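In the order they appear, the protein sequences are chains A and B. Here the first sequence is numbered in the UniProt record's numbering, starting from 1 and rising by one per residue. Here the second sequence is numbered in the UniProt record's numbering, starting from 1 and rising by one per residue.
It is worth saying that the hints were derived from the structure and are not from the lab. All figures in this text were calculated on a predicted structure; none of them were measured in a lab. Certain hints may be false.
The list that follows gives simulated cross-link-like pairs (lysine-lysine, DSS-like), each with its CA atoms no further than 30 Å apart [what the hints assert, rightly or not]:
1) A:154 / A:164
2) B:285 / A:164
3) A:157 / B:285
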Amino acid sequence: MGEASATERDGADTVRGAEAGDGAVIATRALTKRYRGGQPAVDGLDLTVPAGSVFGFLGPNGSGKTTTIRMLMGLIEPTSGTAHVLGRPVPRSARAVLPHVGALIEGPALYGFLSGRDNLLRYDAADPTADPRTRRARVAAALDRVGLTAAAGKKAKAYSLGMKQRLGLAAALLQPRRLLVLDEPTNGLDPQGMREIRGLVRELASDGTTVFLSSHLLDEIEQVCTHAAVMARGRLIVQGPVADLAAGARGRLVVTTPDTGDAARVLKEQGVADVVVTEDRVTGEVPGRDLAEVNAALVAAGVRVRGFGAERASLEDAFVALTGEGFDVAG
Amino acid sequence: MSQAEAARRTSPLWTLGLFRSELLTTFRRWRTLALLGVLAAVPVLVGVAVEIETGDGPAAGGGGGAGPAFISQITNNGLFLVFTALAATLPFFLPMAVGVVAGDALAGEANAGTLRYLLVAPAGRTRLLLTKFATVIAFCLAATLVVAVSALAVGALLFPLGDLTTISGTRISFAEGLARALLIALVVAASLIGVAALGLFVSTLTDSGIAAMATTVGLLITVQILGQIPQLDALHPYFFSHYWLSFADLMREPVYWEDLTRNLGLQALYAAVFGSAAWARFTGKDITA
Numbered sequence: 001m002g003e004a005s006a007t008e009r010d011g012a013d014t015v016r017g018a019e020a021g022d023g024a025v026i027a028t029r030a031l032t033k034r035y036r037g038g039q040p041a042v043d044g045l046d047l048t049v050p051a052g053s054v055f056g057f058l059g060p061n062g063s064g065k066t067t068t069i070r071m072l073m074g075l076i077e078p079t080s081g082t083a084h085v086l087g088r089p090v091p092r093s094a095r096a097v098l099p100h101v102g103a104l105i106e107g108p109a110l111y112g113f114l115s116g117r118d119n120l121l122r123y124d125a126a127d128p129t130a131d132p133r134t135r136r137a138r139v140a141a142a143l144d145r146v147g148l149t150a151a152a153g154k155k156a157k158a159y160s161l162g163m164k165q166r167l168g169l170a171a172a173l174l175q176p177r178r179l180l181v182l183d184e185p186t187n188g189l190d191p192q193g194m195r196e197i198r199g200l201v202r203e204l205a206s207d208g209t210t211v212f213l214s215s216h217l218l219d220e221i222e223q224v225c226t227h228a229a230v231m232a233r234g235r236l237i238v239q240g241p242v243a244d245l246a247a248g249a250r251g252r253l254v255v256t257t258p259d260t261g262d263a264a265r266v267l268k269e270q271g272v273a274d275v276v277v278t279e280d281r282v283t284g285e286v287p288g289r290d291l292a293e294v295n296a297a298l299v300a301a302g303v304r305v306r307g308f309g310a311e312r313a314s315l316e317d318a319f320v321a322l323t324g325e326g327f328d329v330a331g
Numbered sequence: 001m002s003q004a005e006a007a008r009r010t011s012p013l014w015t016l017g018l019f020r021s022e023l024l025t026t027f028r029r030w031r032t033l034a035l036l037g038v039l040a041a042v043p044v045l046v047g048v049a050v051e052i053e054t055g056d057g058p059a060a061g062g063g064g065g066a067g068p069a070f071i072s073q074i075t076n077n078g079l080f081l082v083f084t085a086l087a088a089t090l091p092f093f094l095p096m097a098v099g100v101v102a103g104d105a106l107a108g109e110a111n112a113g114t115l116r117y118l119l120v121a122p123a124g125r126t127r128l129l130l131t132k133f134a135t136v137i138a139f140c141l142a143a144t145l146v147v148a149v150s151a152l153a154v155g156a157l158l159f160p161l162g163d164l165t166t167i168s169g170t171r172i173s174f175a176e177g178l179a180r181a182l183l184i185a186l187v188v189a190a191s192l193i194g195v196a197a198l199g200l201f202v203s204t205l206t207d208s209g210i211a212a213m214a215t216t217v218g219l220l221i222t223v224q225i226l227g228q229i230p231q232l233d234a235l236h237p238y239f240f241s242h243y244w245l246s247f248a249d250l251m252r253e254p255v256y257w258e259d260l261t262r263n264l265g266l267q268a269l270y271a272a273v274f275g276s277a278a279w280a281r282f283t284g285k286d287i288t289a
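Hey, can you work out the whole structure from these sequences and the hints?
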């Protein structure tokens with residue numbers, strides 16, 4: 001294994017040099033794909049994925065995420081625009097770039113009549129830069145990493161969906177990668193499996209691998225990603241660090257109290273705008289002044305306060321604010 | 001950049017790993033083994049049928065239509081079962097098996113979704129196509145040899161072996177007969193290259209393995225039927241099956257080469273035309289499966 005990683009790290013330098021320019025692992029300009037005679041599936045996409053980030057690629061089903069990923073992997077020719085991965089143009093330089101990229105695209109695909117191990121041996125043999133002398137060791141390490149060592153000899157058709165998903169991930173981890181593209185990696189997994197995959201993603205990211213993660217699950221993105229981009233109907237709506245995106249949707253002050261009428265009056269006096277009363281909760285925009293003083297004023301006015309605090313905006317709030325619609329829109 | 005490129009330390013030989021993997025994958029498929037099993041059974045059937053038929057007395061020439069002058073000689077020399085079995089399987093069983101394997105080559109991978117993972121590995125489209133073509137040709141050879149070896153075994157078991165008489169009436173030794181049988185098997189395998197190239201091209205057109213297999217086998221049957229229609233005489237020399245039975249000319253003394261070379265030339269033409277078409281289609285195709 002040690003011998004293998006030395007070889008591959010040298011290989012990685014090949015691409016690193018070319019990319020030194022802007023530090024983006026993925027950069028697209030006006031990337032557009034129009035399938036024959038239809039609406040554009042991806043329309044004028046300008047995407048920048050910084051090196052070392054865990055980049056969440058969000059959007060409802062049918063928003064163009066998978067088409068974008070297929071263009072980045074050289075499977076689909078863009079109608080117009082350009083895409084660079086690891087500093088080199090795709091699909092033109094795909095064969096130089098892809099050995100440094102591990103990918104899980106639209107779920108795993110396996111040879112059902114081959115064992116899990118033989119599936120990985122086959123995918124590794126397809127990579128002309130993979131050393132056959134270390135193949136078995138690398139396959140064993142990848143199986144171990146996703147927890148499939150015990151099931152490695154079983155035919156893949158007997159695998160559960162979760163096991164297939166893990167085997168697909170193992171295929172993406174056959175070599176040390178500089179970029180991992182994971183399209184809906186937790187699809188079909190139980191909560192325990194999802195937690196493990198997220199743990200694995202964090203672990204890989206801490207080794208310096210850039211992870212490009214597509215998902216339609218907002219909390220998944222919020223839990224693991226440093227950056228995110230949101231797509232809807234083929235267009236990029238926003239991209240940036242997750243913290244900035246969430247901050248874009250302002251948090252709200254929430255007071256829980258049985259004396260809602262008094263509380264609302266006091267909050268207005270204290271300069272809180274947009275006060276809304278719902279059952280035993282009074283909410284409003286977070287005021288510019290110290291929240292401790294607002295709380296003291298409530299108590300001084302005899303309002304019985306059960307709960308008081310600023311609620312952080314979630315990425316979901318940000319999404320709703322950006323698109324003006326719910327997230328689970330059918331494509 | 002160039003310095004780093006050198007540091008990559010990959011070997012050009014590693015590219016052959018895909019071919020090896022492809023061979024293993026193809027020959028471990030249950031379907032491939034079933035096809036080879038059927039092919040191995042044909043000489044057994046022919047051999048047993050001839051044995052039963054001639055149990056009462058010596059065969060009186062002009063037997064089965066497919067193997068000119070061969071089938072009647074089986075009882076005298078088991079080696080003739082090789083020629084008879086190849087003549088019996090070449091019109092349909094062998095090309096059908098090749099059509100199934102070639103048609104499924106890319107469409108089957110697309111159907112299963114494994115194609116996208118091979119391509120992002122990255123296998124490279126031209127490299128993958130060449131590997132698939134080489135594997136289908138290896139299958140042509142394997143299928144033909146399965147028929148020939150099975151026929152030789154059955155022939156040796158049921159009938160006497162020894163010196164044999166060529167179509168021209170001269171005698172050749174058993175060893176030379178065996179060498180000619182091997183040569184005939186190679187020519188028969190080469191005769192299947194046209195179907196292989198055609199099937200591979202069809203395979204690039206669709207994402208359904210079944211559709212590609214059915215189309216290829218359908219084309220095969222159509223060409224065989226058209227080949228029987230005398231009004232289409234002018235077209236016949238361009239059908240991939242037109243010179244198939246010319247392998248019998250290897251049993252003449254001296255060997256009559258004209259149709260043999262025409263057959264090989266025609267197969268090469270099919271490989272060039274449909275190979276190029278498959279390449280153009282496959283390298284420019286959006287992989288959405």
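Evaluation of the provided hints:
1. Between residue 154 of chain A and residue 164 of chain A the alpha-carbon distance is near 12 Å, which keeps this suggested pair within the 30 Å criterion.
2. Between the alpha carbons of residue 285 of chain B and residue 164 of chain A the distance comes to roughly 27 Å, so the proposed pair stays at or under 30 Å and holds.
3. Using a Cα cut-off of 30 Å, the hinted pair residue 157 of chain A and residue 285 of chain B holds, with the two alpha carbons roughly 29 Å apart.
No hint from the list above goes unmet by this structure.
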